[in-house]
Amino acid sequence: MSTPLHSRHKPSRLIGSDKETGLNMLAQTLKNTLTTLGLASVGTAALVGAHHLGRKQYNSQARLTDYRDGLRQALSKVTAATPIVAPSDAPANLAQSQARRNNSSVTWISGVAELTTSEFAVVGLNAAREIVWQSAMPERVHDLLIQPLASKALQAPHVAVMGRRPSEWFWILDAHSGEVVHSINAQTDRHFYGHACYSLQGDLLYVTENNTADFSGRIGIYEVASGYKKIAEYASHGIGPHEIVMHPDGESLLIANGGIKTERASREELNLDSMQPSLVYLNRHTGQLLQQVFPAHNQMSVRHLAMHDNGSVIIGIQFQGERHLSVPMVLTHRRGEPKFTELQIAKDDSKGWHRFHHYIASVAVDSKHNLACATSPIGGCAAVFDLSTGMMIGDTPLADCAGVTTWPSQTQYQATQQIPSGLPLFLVSDGQGYLSSIGVDQAAYPQSIWVEKKHQSYAFDNHLTTLGTVDS
Amino acid sequence: MKKHQLAAMVLSALSAGILISCSKPADEAQPTANKQAADVKPATESSETAADTTAVKAIALSDASAESYLKQVADTQIISAYKNVVEQSQALNVLATQSCQADGSVAADKLAALRAQWLQLAKAWAQAEIIGFGPAMDSMSNLYINYYPDERGLVHQGVIDLIAANPNLTPEQLASESAIVQGIPGLEEVLYANDSLDKSQCQYVISASAALANRLDKVSQDWQASPQSLLSYGSPDDNKEGLNRWVNSILALVETTKSTSLDQPLGITGNKKGHLPADAAGQSREIITAKVAALNKALTDPALVAILSENGQDTLADKLSTLLSDTSTLLAQLPEDLATATPEQQKALYDKLTELAQVVKRQLMPTLGVQVGFNSTDGD
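Chains A and B, in that order, are what the protein sequence lines are.
Following my numbering, the numbering of the first sequence begins with 23 at its first residue and continues without gaps.
Following my numbering, the numbering of the second sequence begins with 125 at its first residue and continues without gaps.
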C-alpha cells in the first residue's frame with residue numbers, strides 16, 4: 023500500500039537553513055515569473071506593434087485600440103448575448119440592461135439595430151406591438167426561426183437567430199425570455215448565409231452555408247438534442263444559398279440559391295454576368311436533388327421564400343441586371359411544375375414592377391386567405407397579392423420596410439387608429455421603427471389594402487417572425 | 125536558453141496571436157462602407173469607427189417647430205430645386221430649337237452654347253438629387269431623367285441606334301423609349317460626342333430636352349400640389365416621418381456622392397467600377413460641386429441652424445458648416461475632370477465626404493431623433 027502523499031511532507035515547522043532555502047527558492051520563483059511576464063509583455067508589445075505598423079500601410083485609420091476592441095468583441099461572441107429585458111418605452115440603448123419584465127405574451131420576434139452606436143439585438147414583441155424582451159447581440163442578425171414543438175406545454179421553443187450573411191455565428195434563444203441557450207460557431211471554411219429552417223418535428227435545424235474555399239452552397243444540418251452539433255451537410259446545388267424553408271410534407275427542403283459569389287470583406291458581387299440562381303428541392307433525409315428550377319433571366323437572384331400550406335412557394339427576387347429592364351419580382355412555384363409562375367400587376371398600373379426598385383427584401387404568405395405580401399426597402403413600399411387571381415391587390419408606401427410576417431388569427435388586435443374593415447393579415451417592420459399592420463378592405467371594389475402603424479424606438483432589421491402566442 | 129525565456133517567447137507569441145486575430149474583424153469591416161448601390165439610400169455599417177460614437181441625446185423638437193421646418197424645406201429646398209431644373213431643361217429646349225432653325229443642323233460655335241446650357245441642366249439636377257423620394261424617384265422614374273451610372277456604356281450605342289432609326293424623333297415617341305436613351309446622359313452623349321450636329325441629331329436634342337422638360341415639369345407640379353403628403357408633415361406622426369425622410373435623404377446624397385460618384389469610378393478604396401458623373405463632358409467636378417452645394421443648403425439651412433442653436437447645439441451646426449466649407453474649398457482646387465486629379469486629392473475629397481457622413485449619421489441624426497435607416501442597403 024502506497025504512502026499517502028501528505029505523510030511524505032516534512033513537518034510544517036522549518037528550522038534554520040531550511041527556512042532560508044525555502045525563502046530563496048520562493049524569491050527565485052517570483053523573480054523568474056516576473057521576468058517571464060515582463061519579457062512576454064515586451065514580446066507581445068513588439069509583435070503587436072509590428073503588426074500595427076503593417077496595418078497602417080493599408081489602413082490609415084487603424085489604431086492600437088482596435089486590438090483591445092477586437093478582443094472585447096471576440097469575448098462577447100464567446101459569451102454570446104446577455105439577455106436583456108426592457109420595457110417597450112425604454113430608450114433604444116441595446117447594449118445596456120433594463121431590469122424590468124413586460125409580463126405579456128410574445129407574438130413576434132425581430133432583429134433590431136442602433137446604427138449610430140453599432141448595437142444590435144433581438145426583441146420579442148407582443149400583440150400590442152410592444153417590446154417584451156430584448157437580447158443584445160454581438161453582430162447584426164438576419165433571419166429568426168421558431169422551433170416547432172410537439173408539446174408546447176412542456177418547454178419554451180427555441181429561437182434560432184442567424185447572423186447577417188456572411189457570418190460565423192448563430193445563436194439559440196429561449197422564446198419566453200430571450201435568454202441565450204447556445205452559441206454556434208461555423209466550422210472552418212464555412213460561413214452561415216443568414217437563413218435556416220427547422221424540421222417540422224423541431225429536432226433538426228437546416229442552415230444555408232457557404233464553402234469559403236470554393237464558393238459552393240452548402241446546407242448544414244444541426245441536431246437540437248446534442249446542443250446544435252453539426253451532424254451532416256448537403257450540397258445546395260448552387261452558389262449563394264440564402265433562404266431555406268421546409269415543405270409542408272415535412273420531407274423536402276426548398277432552397278433559394280441566389281447565385282451570387284460575394285467577397286466577404288467588401289460584400290462585392292464577383293459574378294453578376296455569369297450568375298445562375300435557382301430554386302432547389304432537396305430530400306431532407308438524403309440530400310438528393312429532387313428538382314431545380316431556373317428563372318427566366320439569369321440575373322433574377324432567387325433570395326426569399328415563403329411556404330404556403332398548399333405546397334406552393336412564394337419567391338421574392340432581387341434583380342441584378344440593367345436598371346431600365348422590368349422583370350417580375352414575385353413568383354410562385356409548386357414542385358413538379360417546369361417553370362416559375364409570375365404574379366401580375368395590372369397593365370394600367372404605370373409603376374409596374376419598377377415600384378420595387380429591383381429589390382424584394384422579404385415575402386410572407388397567409389395561407390388561410392390565400393394572400394402574399396412582399397416588401398421593398400429600396401422601393402419604400404409593401405404590396406399584397408391575391409394568390410387566387412395572381413394579381414397585386416395594392417401597395418402602400420413604407421420607407422425602409424423589409425420584415426414581413428403574418429398576424430396570427432387568434433391574436434387580439436389593438437389598432438392605434440380607425441381601420442376600414444376586417445382584421446390585419448400581415449405585419450411589416452421597417453428601419454424607421456414602424457410596425458405596420460396591413461389588411462385588405464374586403465368591402466371596397468376593387469379590393470384595396472389599408473395600413474395602420476405603431477412606432478418603436480428601434481430600427482427593425484430585415485426579417486420578422488411570427489411566434490404565435492407564448493406566455494412569458 | 126533558459127526556461128523562463130522560452131516561456132516568455134511562447135506567451136508573447138500566444139498573446140500577440142490572439143490580439144492580432146481579434147483585430148481582423150475591424151480590418152475586414154473596412155471596405156464595407158464602400159459598397160453602395162447606385163440608387164440606394166443611407167449606408168449601413170461603414171468604415172467609420174465607433175470611436176467617435178458617444179451617446180447623443182435627442183433634442184425636444186416640438187411638433188410646431190418640426191412642421192414649420194419641414195414646410196420651409198418643401199418650399200425653399202424641394203420645390204425651388206425642381207423649379208430650377210425645369211427652367212434649365214426648358215432653356216435647353218428653347219436654345220436647341222433656335223440653334224437648329226436654319227438648316228436643321230448646328231455648327232461648332234453654337235454647339236458650345238448648347239453644351240453650356242446642358243451643364244446648367246446637369247448641375248440643377250445634381251442639386252435636386254438631394255430629394256431621394258417622391259414622384260421623381262418612385263418606380264425608378266429617375267432613370268428617365270439621369271441614367272447614372274451607365275456601367276455597361278448602354279447610352280452611347282443606344283442613342284446612336286435610336287437616332288439612326290428615328291431621324292425625325294418627336295418628344296412623344298422618345299417618351300415611350302427605354303430610359304437609356306433619354307434624359308441628361310442621352311443629351312450629353314449627343315452634345316459631347318460630336319463636333320457639330322446634323323439634322324437628326326439636332327432633332328434628337330430638341331425632342332429629348334422637350335421630353336425631359338415635360339417629365340420634370342410633371343414632378344414639379346406634383347410637389348407644388350401636394351408638398352404635405354409627399355414630404356409628410358402636418359400631424360405629429362407625419363412630422364416624425366417627414367423629418368426621418370428628409371434627413372435620411374440628405375445622408376443618402378452624401379453616401380452616394382462619395383461612393384457611386386467618387387470612390388467606385390476612381391477606385392479610391394477598391395476596384396474601379398462605373399464612371400464619373402458628366403464623364404463625357406469632362407465636368408465631374410461641376411456635378412460634385414453642385415451636390416455639395418445642395419448639401420450645404422440643406423445642412424446650413426437657417427431654419428435647421430435655429431433649431432440646433434435653440435437647443436444648445438451651436439457646435440454641431442458650426443461643425444457641419446465648416447466641413448461643407450472645407451469640402452467646397454477642396455473641390456475648387458481640383459481640375460474640372462476629377463479623373464485627372466492626383467490620387468491624394470481624390471482621397472482627400474473622399475475623406476471629407478466620409479467625415480461629413482459621420483457627423484450627419486452619428487451626431488445630427490441622433491440629435492434630431494432621426495433613425496438611421498439601413499434595410500435599403502442590405503443586399504440580403
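Treat the hints as calculated values from the structure; they're not laboratory data.
Ideal Cβ placement from N, Cα and C applies to all residues, glycine included.
Hints may contain errors.
To be verified - Pairs of lysine-lysine residues, derived as PhoX-like cross-links and limited to a Cα-Cα distance of at most 25 angstroms, are as follows:
#, chain 1, residue 1, chain 2, residue 2
1, B, K207, B, K342
2, A, K53, B, K126
3, A, K475, B, K195
4, B, K195, A, K283
5, B, K207, A, K373
Said to hold, decoys possible - Residues from chain A shown here face chain B by an in silico Cβ test under 7 angstroms; the list is partial:
#, residue
6, G343
7, R345
8, S348
9, H376
Which earlier hints can't be squared with this structure? 4, 6 and 8
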